[in-house]
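K.L.:
Starting from the known structure of chain Z, arrange chain C on it as the hints suggest.
Going down the list, the protein sequences come from chains Z and C. Taking my numbering, the leading residue of the first sequence gets 1, the next gets one more, and so forth. Taking my numbering, the leading residue of the second sequence gets 1, the next gets one more, and so forth.
Simulated from the structure, these hints should not be mistaken for laboratory data. Any given hint could be a false lead.
Unchecked claim - Which stretches of chain C does chain Z cover? Using the computed rule of at least three CB atoms under 8 Å from a CB of chain Z, they are: (1) 73–86; (2) 118–124; (3) 137–151; (4) 246–257; (5) 315–325.
To be verified - A short, non-exhaustive set of chain C residues, derived as facing chain Z with CB atoms under 10 Å: (6) A70; (7) L90; (8) L98; (9) S102; (10) H127; (11) P171; (12) E175; (13) A178; (14) I281; (15) F419.
We put the CB at the ideal spot given by N, CA and C, even for glycine.
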Amino acid sequence: MAKHLVIQLARFGDLVQTKRLILSLLNGEGADGGGTHGAGPGHAVVPAPEVHPSGVPPSEVHLPEVHLAVDASLAELARLVYPGVTVHGVRAHGGIPQADVLAHNAHAFATLAAERFDTVYNLNNSGLNMALAALFPPDAVRGYRSLNGQPLRDRWMRMAFRWVTHRRLSPVNLVDFWAALAPRPIAPARVNPIALRGGRGIGVVLAGRMSRRSLPPDALAACLRAVFEGLGGPRVTFFGTRAERPLLRKVLDHLPASVAGNYDDLVGRTGWADLADALVGLDTLLTPDTGTMHLAAHLGVPVQGFFLSSAWCHETGPYGPGHRVWQATLDCLPCLEVRPCPIGVQCLDAFRSREFLSFLSGRPGDRNPPGMLGMVSTLDDVGSTWLTVFGDDPSAPRRVELRALVGEYLGLFTGEELADHDLARLLYHEADWMLPGPEGAAFAPFDPFADEPLRSA
Amino acid sequence: MTQPFDVSQPSASAVPSASAVPDGSAAPGSIMPRLRVLVVLPMYGGSLPIGRYCVDALRDLGHVVEAFEAPSFLGAFTALKDLKVTADRLEFLENSFLQVVSQAVLAKVETFGPDLVLCLAQAPLNHQALKRLRRDNVATAMWFVEDHKVFTYWRAFAPFYDVFAVIQRAPLLDELAAMGVRDALYLPMAALPSFHKALELSPVDQRRYGADVAFLGAGYPNRRVAFRQLVHLDFKIWGTEWDGEPLLARHVQQGGARVSAEDSVKIYNASRINLNLHSSIQSRTLVTGGDFVNPRTFELASIGAFQLVDRRSLMDELFAEDELAIFDSMDGLTAAIAHYLAHPEERQAMAARAQARVLAEHTYQHRMRTLLEFIAQRRPGWPAPRAADAGLPADLPEDMRRDLAALLDRLGLPADAAFADVVTALRQHSGQLTPLETSLLFLDEWRRQYA
Chain Z
1 MAKHLVIQLA RFGDLVQTKR LILSLLNGEG ADGGGTHGAG PGHAVVPAPE
51 VHPSGVPPSE VHLPEVHLAV DASLAELARL VYPGVTVHGV RAHGGIPQAD
101 VLAHNAHAFA TLAAERFDTV YNLNNSGLNM ALAALFPPDA VRGYRSLNGQ
151 PLRDRWMRMA FRWVTHRRLS PVNLVDFWAA LAPRPIAPAR VNPIALRGGR
201 GIGVVLAGRM SRRSLPPDAL AACLRAVFEG LGGPRVTFFG TRAERPLLRK
251 VLDHLPASVA GNYDDLVGRT GWADLADALV GLDTLLTPDT GTMHLAAHLG
301 VPVQGFFLSS AWCHETGPYG PGHRVWQATL DCLPCLEVRP CPIGVQCLDA
351 FRSREFLSFL SGRPGDRNPP GMLGMVSTLD DVGSTWLTVF GDDPSAPRRV
401 ELRALVGEYL GLFTGEELAD HDLARLLYHE ADWMLPGPEG AAFAPFDPFA
451 DEPLRSA
Chain C
1 MTQPFDVSQP SASAVPSASA VPDGSAAPGS IMPRLRVLVV LPMYGGSLPI
51 GRYCVDALRD LGHVVEAFEA PSFLGAFTAL KDLKVTADRL EFLENSFLQV
101 VSQAVLAKVE TFGPDLVLCL AQAPLNHQAL KRLRRDNVAT AMWFVEDHKV
151 FTYWRAFAPF YDVFAVIQRA PLLDELAAMG VRDALYLPMA ALPSFHKALE
201 LSPVDQRRYG ADVAFLGAGY PNRRVAFRQL VHLDFKIWGT EWDGEPLLAR
251 HVQQGGARVS AEDSVKIYNA SRINLNLHSS IQSRTLVTGG DFVNPRTFEL
301 ASIGAFQLVD RRSLMDELFA EDELAIFDSM DGLTAAIAHY LAHPEERQAM
351 AARAQARVLA EHTYQHRMRT LLEFIAQRRP GWPAPRAADA GLPADLPEDM
401 RRDLAALLDR LGLPADAAFA DVVTALRQHS GQLTPLETSL LFLDEWRRQY
451 A
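This is chain Z alone, in the form it adopts within the complex (with noise of 0.2 Å):
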């Protein structure tokens, strides 16, 4: 039976984001067993099947075990995403004295070594990441490695910092990026439910933990008002940390008493299990780009994500079919949350429009909302992408080509009636072939000719 861990030290959406990873680990890798074969895009990646390959009942197949390191924070919820697989936390993150960090960290550290994994999934591109990969042999640990102390990407990981120095044309959800280091991800459309509304109400996040990618208190009411009147006045549960209760006064100050009056506040009340249970069957979700939109997905719960600044769906959007979000435009965007926004954080006016305020009311105009893209998510044989159902987006050619590009790589399509060899060259880069891969020995097994014989000079 193989053994795999799976390593995400970042916060809480990306470890939601990493499902279709590890639910591809937890299904298997059909009749080959485990072992590092076929691991790795680049290498034909093969839809896992529905039933087991070997045609044994499932009740009767060794699948294999799989292993979760979070930060210890995050644990909790990790096992409530993850059931079935075993979580192991990890002092990643937070001010706790340095004597705890070292003292929990080698006593973890030291459980998975013993666990001799298979494989080792390390997501995370970070110093405490790389540090981490020390701890395992590098031909069985994808993604970020150390070799001899050398860190090393590769080239899956190579190729999405390639695409995000063109981030209007990222082709790939993070979901389905990590879930391609798997050998046999499963199908798209067994990650996530259908998002469906439950007749519970809907529900509010406040913010996100960078500020400037959350609308404020003022364009937030306008839109929760906008929704409730055009689903006709149902409940509102407001969602936050215990740090944004000042924010949700700010909203309701912005509300009328129709809203205000009824509203459920869990702003800084909830646990992970708390908040998940809270979430099943609300009927919309409004949300920035946050951890709780993904759980949201996660539980099929139908979300309106609002996207600015440095939040751009076809990176981070809520994962399958069921979802809406509404992307800013502007010429700047997707820009760094670090860098100051020197034009006053212009996106956010297509939030206050009166043209998308009739939209989000259900009483859509003549004329589509300004600065905005709204989009419908849907399904293909990559993962979760984004039908734009009103407004203009001229970058969406050239993205489809390069995922179809991605596609090809990846080995879901063939590529056909791919011209542009400029897109081929922001994909693929000389040392790619030209030296012999980072994934080392992992990739002769995919060079048709690698078992010709040698012959000497």
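P.N.:
For chain C alone, kept in the frame of chain Z given last:
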């Protein structure tokens, strides 16, 4: 006064049509002028031995060939990977390293002055270098001996080559045309008969390498699953990547070590039935029915070794029905093994027919000739005329003429080789030179100064 460098017949020209020949000579047995070809080998991988076969074949055709030994640079790359710097910095250094290697190829082009730069898949020639060669009107060709569906990065560099040769037909040739690659051709794999040949094995080698059934190659998923059905046979598996297969473990030879090309010829010679199952990363479809035909098919045939090979869509145009024993399924394979083990005379007859076909049509010499003729057809005026070769001083004494003839023979050059080609061949030699060799190099330098 000088004369052609023909030490056997100083007054006669061996050139069929001197006006069409850049340096007054032609490759033997060919209307193609004697060319100078720089073969850029990849640093690693399966296309490396194929590049070396191309070098041998081009030399056999009488062309003057230099190989750019990219594998020699691999040590520097390994050193980079041992620097322990950030991943960003390492990737920057890798790109800089590739720039240097590409510059080294350009320097070689400048010194050697080739009519053609022939690159094998993964050759380290970046697009700036290819642009430079195009600007300088140096013809470039890539033989992309890979599956384009797996090695999808061909899209990023194909337009930078003048000629792009591939081992698959549709839809690849159409796709190349769509992206503006006008001069693409189908050039299937081949064998090198001087290397892939029948051997008289010693009894020790026969025992060591022989078996009823043998397979040489890497343990791809389809092969692993397929071969589990053959464990009752006298079955030897040679090659790498077979670990983790308990059923096959006792059949895997040499602990799954990589097999040298020399040993592979012995294995092919020694085995009654050589299995040739094209690789696939899928394990549910054991016989994938892909298009291109692998090198092993041609090599086994060239040796005169019997093979059972899975059907490929491009096989029919390369071999006749009675030249290869082809299987379409695992049932077909197991039945064929039983049949052919019981009928050695059928094995021998079929192997002989396959061998005749390869020798007649499918050697690397054939492929190189096809490639060169394609280039000549598509590039009017290629190869560009060279300055007339200065030749050797006339009236050389007979004993020196004999010594020169022996030298040319040793260098693998024809008797009418151009003086410049002799000098090039001498410069490729490492170690101490003989007085005659030294005097030829000395004469070349003397001419640069005074002639």
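K.L.:
Identify every previously stated hint that the structure contradicts and give their numbers, smallest first.
P.N.:
Those not satisfied are hints 4, 5, 15.
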